[in-house]
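Trainee: So the sequence lines, in the order shown, correspond to chains A and B.
Sequence positions in the first sequence follow the numbering used here and run 15 to 235.
Sequence positions in the second sequence follow the numbering used here and run 5 to 106.
The reader is advised that the hints may include incorrect statements.
[To be verified] Pair ranges (Cβ atoms, derived):
hint : chain 1 : residue 1 : chain 2 : residue 2 : range
1    : A       : G38       : B       : V66       : 17 to 23 Å
2    : B       : A82       : A       : T120      : 23 to 29 Å
3    : A       : A121      : B       : A20       : 36 to 42 Å
4    : A       : W225      : B       : T24       : 23 to 29 Å
5    : B       : L75       : A       : A121      : 30 to 36 Å
6    : B       : P29       : A       : A117      : 22 to 28 Å
7    : B       : E31       : A       : T124      : 21 to 27 Å
8    : B       : P29       : A       : G68       : 38 to 44 Å
9    : B       : S6        : A       : T124      : 27 to 33 Å
10   : B       : L75       : A       : P95       : 41 to 47 Å
11   : B       : L100      : A       : P202      : 26 to 32 Å
Hint data in this document are derived by calculation from the structure and do not stem from the laboratory.
Ideal placement from N, C-alpha and C gives every residue a C-beta, glycine not left out.
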Amino acid sequence: MAVSVAAAVSAYGVSFGALAVAAGLDVWQACVLSLVMFSGGSQFALVGVLASGGAAAGPAAIAGATLLGSRNAIYAMRMGPIVGPGILRRLAAAHLTIDESTAVGTAQGTPEEQRRGFWLTGILVFVGWNLTTLAGALLGDLLGDVSRYGLDAAAAAAFLGLLWPRLSSLQPVAVAVAAAVVATALTPWVAPGLPVLAAAVVAVVVGLTNWGRGGTRRGAR
Amino acid sequence: MSIWAIIIIASVAGLAVKITGYLVPAEVMERERPSRVAGLLTVALLAALVATQTLADGQDVVLDARVPALLVAAALFALRVPFIVVIIAAAATAALIRALGG
Chain A
15 MAVSVAAAVS AYGVSFGALA VAAGLDVWQA CVLSLVMFSG GSQFALVGVL
65 ASGGAAAGPA AIAGATLLGS RNAIYAMRMG PIVGPGILRR LAAAHLTIDE
115 STAVGTAQGT PEEQRRGFWL TGILVFVGWN LTTLAGALLG DLLGDVSRYG
165 LDAAAAAAFL GLLWPRLSSL QPVAVAVAAA VVATALTPWV APGLPVLAAA
215 VVAVVVGLTN WGRGGTRRGA R
Chain B
5 MSIWAIIIIA SVAGLAVKIT GYLVPAEVME RERPSRVAGL LTVALLAALV
55 ATQTLADGQD VVLDARVPAL LVAAALFALR VPFIVVIIAA AATAALIRAL
105 GG
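For reference, chain A alone in the conformation it holds in the complex (with noise of 0.2 Å):
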């Protein structure tokens, strides 16, 4: 389960590397950014602001990109009981805790599986990753020209891959349609970056209201 995940998943790598040189990165900040952030949804983030909005745009990109990683944290709290004390080992835990080790530690059946679930992953998908990213900025270095090769819409459908399979029931959805036209519709309005922070806000009240969910007070999780 570890490795078929963790070959999928270093494909992506590939795609971002790309993305990061065309937005404007070079090599090393690409594979910087897989090294120490390693976490694919924030680091697409980041590099799609950056390409719209360049540097001016920087602290609107990190935000967005912070508040991408957010879900990490909640991982990390259901990782943490799994992983077990000891400072060094719980800040390599962190490091490698991303959406694909904490789905296949928790899939596992024993917490001695699920230890050697999660941390399998997360070294697998950490290596993949990183080899990937460094041979994507490779071949984005080699293709120049963004807009001739498609590399923007490339950008759009990574987005739409990452997003597809939480669509999973009504209200995923409903809040996915109105981020979708809140930052439109601010587009013309503020800066670059600004109107995907403000997207934002439309899942804080539907979180906190739980709107679309009537009646379920505990949810199936």
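Once you have looked at the hints, place chain B on chain A.
Mentor: Below, chain B alone, put in the same frame as chain A:
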């Protein structure tokens, strides 16, 4: 702000968020709300990024080759085509339309 500064600040912030999760007492995890907000936050941000990457050109909203490219991507994701294939197909669609003068 230089690109390097943006990358380092964002990377450290992303890592700090992960570490914070391991410092929070386990009882908070039992609560439904933080988990739900974080999940929907991901959905909202990704949807907003899809919209702006497809429709925004600087601060202008435009309909260009990216729109059909995204529709192609949506159709392929619905057919469960692998991620990397969809990305290439979307890029190729936009590039083709532009090459034809669209």
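Trainee: Indicate, hint by hint, whether the structure satisfies it.
Mentor: Now for the hints, and whether the structure bears them out:
| no. | hint | in the structure |
| --- | --- | --- |
| 1 | G38(A) with V66(B): 17 to 23 Å | holds (21 Å) |
| 2 | A82(B) with T120(A): 23 to 29 Å | holds (27 Å) |
| 3 | A121(A) with A20(B): 36 to 42 Å | violated (27 Å) |
| 4 | W225(A) with T24(B): 23 to 29 Å | holds (27 Å) |
| 5 | L75(B) with A121(A): 30 to 36 Å | holds (33 Å) |
| 6 | P29(B) with A117(A): 22 to 28 Å | holds (24 Å) |
| 7 | E31(B) with T124(A): 21 to 27 Å | holds (24 Å) |
| 8 | P29(B) with G68(A): 38 to 44 Å | holds (41 Å) |
| 9 | S6(B) with T124(A): 27 to 33 Å | violated (48 Å) |
| 10 | L75(B) with P95(A): 41 to 47 Å | holds (44 Å) |
| 11 | L100(B) with P202(A): 26 to 32 Å | holds (29 Å) |
Taken one by one, the earlier hints fail for this structure at numbers 3, 9, listed in ascending order.
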